[in-house]
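K.L.:
Letter by letter, the chains look like this.
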Amino acid sequence: MSAVLQEGPVKRRPAALRALSALGRAILSNRKAMLGAFLLLICIIMAAIPNVIAPGDPNAENFMPGQGPTGDNWLGTTSYGQDIFAQFVWGARNSMIIAVVAGLLSTVLSAIIGVAAGYLGGMADGLLSMMTDVFLVIPAFPLVIVLAAYSKSGGNGMIIAVLVLTGWSYGARQLRAQVLSLRHREFLTAARLRGERSWRIITHEILPNMISLLVANFLGASVYAILTAAGLQFIGLGDINANSWGTMLYWAQNNEALQAGIPLWAIMPGLGIAVLGGSFALLNYAFDEISNPVLRAPRRKKRGKRS
Amino acid sequence: MRYILRRLGFFIVTLWAAMTVNFFLPRLMPGNPAMAMMARFHGRLSGQALNAMEAAFGINTHQSLIAQYFAYLGNSVTGQFGRSLTFFPQSVSHVVLEALPWTLGLVGVTTIIAFILGTLIGMIGAWTRGGWFDSLLPPLFIILSAFPYFWIGLVAILIFSISLGWLPTGFGYTNGQPITLTWHFIWDVIQHAILPATTIVITSIGGWILTMRNNMIMVLNEDYVRMARAKGLSPSRIMFDYAGRNAILPNFSGFGMSLGFVVSGAILVEYVFSYPGVGYMMLQAVLNEDFPLMQTLFLFITLAVLIAILIVDAVTVLLDPRTRRTA
Chain P
1 MSAVLQEGPV
11 KRRPAALRAL
21 SALGRAILSN
31 RKAMLGAFLL
41 LICIIMAAIP
51 NVIAPGDPNA
61 ENFMPGQGPT
71 GDNWLGTTSY
81 GQDIFAQFVW
91 GARNSMIIAV
101 VAGLLSTVLS
111 AIIGVAAGYL
121 GGMADGLLSM
131 MTDVFLVIPA
141 FPLVIVLAAY
151 SKSGGNGMII
161 AVLVLTGWSY
171 GARQLRAQVL
181 SLRHREFLTA
191 ARLRGERSWR
201 IITHEILPNM
211 ISLLVANFLG
221 ASVYAILTAA
231 GLQFIGLGDI
241 NANSWGTMLY
251 WAQNNEALQA
261 GIPLWAIMPG
271 LGIAVLGGSF
281 ALLNYAFDEI
291 SNPVLRAPRR
301 KKRGKRS
Chain S
1 MRYILRRLGF
11 FIVTLWAAMT
21 VNFFLPRLMP
31 GNPAMAMMAR
41 FHGRLSGQAL
51 NAMEAAFGIN
61 THQSLIAQYF
71 AYLGNSVTGQ
81 FGRSLTFFPQ
91 SVSHVVLEAL
101 PWTLGLVGVT
111 TIIAFILGTL
121 IGMIGAWTRG
131 GWFDSLLPPL
141 FIILSAFPYF
151 WIGLVAILIF
161 SISLGWLPTG
171 FGYTNGQPIT
181 LTWHFIWDVI
191 QHAILPATTI
201 VITSIGGWIL
211 TMRNNMIMVL
221 NEDYVRMARA
231 KGLSPSRIMF
241 DYAGRNAILP
251 NFSGFGMSLG
261 FVVSGAILVE
271 YVFSYPGVGY
281 MMLQAVLNED
291 FPLMQTLFLF
301 ITLAVLIAIL
311 IVDAVTVLLD
321 PRTRRTA
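Chains as they are written, first to last, in full-length UniProt numbering: chain P, 1 to 307; chain S, 1 to 327.
The hints are simulated quantities; they were obtained by calculation from the structure and are not laboratory data.
One-sided excerpt, in silico: chain P residues whose CB lies under 8 Å from chain S: (1) 140; (2) 141; (3) 145; (4) 230; (5) 234; (6) 235; (7) 270.
Idealized CB from N, CA, C, for every residue including glycine.
Go ahead and model the full structure; you've got the sequences and the hints to work with.
P.N.:
Laid out in structure tokens, this is it:
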């Protein structure tokens, strides 16, 4: 690990950059990662420019209600006469925002608690680990329901807050384990002997060495956020007037779309959630192989490169 | 034994944490929903119902917060959760105990099936690494695990109930039938459980496969596995007794975490299938703003998960001699 030899400020960016370029190369050389990246790209495009793909107000009730697919409405219409394709395209943005923001915030919270527990050790570690385990074991979704039912706002802010509060523990546990395994490596002892402050050791020595785990954590937390948010919106605890895939499912379920002969109303938003969640999961699975050379298929053994 | 004692301690701490969350949540949320509820129902409900709500939230305006908190803990431990507003005048505990067996049956059976199947697939995948089995099944189920549980349920209803008409669309048994222990009724229950159960198995199996496969790959690199090969032991003996037995241990300790995820998904599956378990009931409680019932269900779900984890811990002690060592 060349990180030992280099000095603080010069080292940090190259470490991050190196990890990024390694990640880029790894994605290109891994079929699962390629598929994941491709699916993610589709979702990003829909989230970024829905007004180009499906111009107009997706909630406008302009069409014959409850139709199957036609030339005008590729995927048919809802019981309210809205275009299902437009609703589908516009719904991407909400899931994407929740996935990225809740994923990032959970990762940050996991990192703070996990690294603090692993680095401080002793009593602090005992308490923080106990707290992590408790949050890990309490079933998240019932707790999410209780929280959402009491707060009642249903907005994205509330959903993200609830997701972060219930979604950090898994990552914190993994990061703590990683810190413990790093703790007695020579480069950390060297940093301590140089008289570096704890804060600096954590941000400049420990965190750069956990980038792959942090990325994996982010991907996992995002999948959790996508699925849980969709579940909340589906049961009507989100903002039922928002454009989102979960809300679309809520209205489809309330109008018995399956029985009413317009199953695409329920299938499309679920497919969107599945594609977005699946793309993160595929990237995560591939990333596991990339960051842990042992798991890689034997034929790639010779090119084994540490990220 | 120390191990079991430590796990028991954890059990109690977690249960206490869940109760504490339950007690403080309605008080800390903006607008204090507990008090708002009381105010809303004041004058509209009988004194008895108000007392029931006081018991459920542990609100007693004459006492200090600390005294209320301990009274609430005492009530919870002795199973006094007040009365349900939705199913008034039935007590909350009675309503919950009626729904619990359905969920325990559904989630219990599916979790065991998913655990066994997932562990086997992960084991065989790692054993035949790079082969067609390994490059097909593990990735497939890992993608499926990122699909929304409830959506798979909806698709299953669409295909097998509405289009093909093979299986019922929902509920735990044919409506109006008396609950009896006859073959006829049991068969009816099984038919109703097939779709929800398959949904849960399909979506929860990926996690087991992934951890088992990864553990197994690590273990297969160990010297004792090479030794077993050199001794000329049969492949199945090496796979199950040498590598499998050791690789499965982390899967067991991961059980607790996974169970929380499975239970979370099962709630939505029950909702989609109108399955009469605690998940469906919890959502009914939310819709009816029956907060006492909702909170008690949360507590019972947590308790059920914790008990399952204790059982798994006991199995781990049997499988892993290291946990039996007295330190």
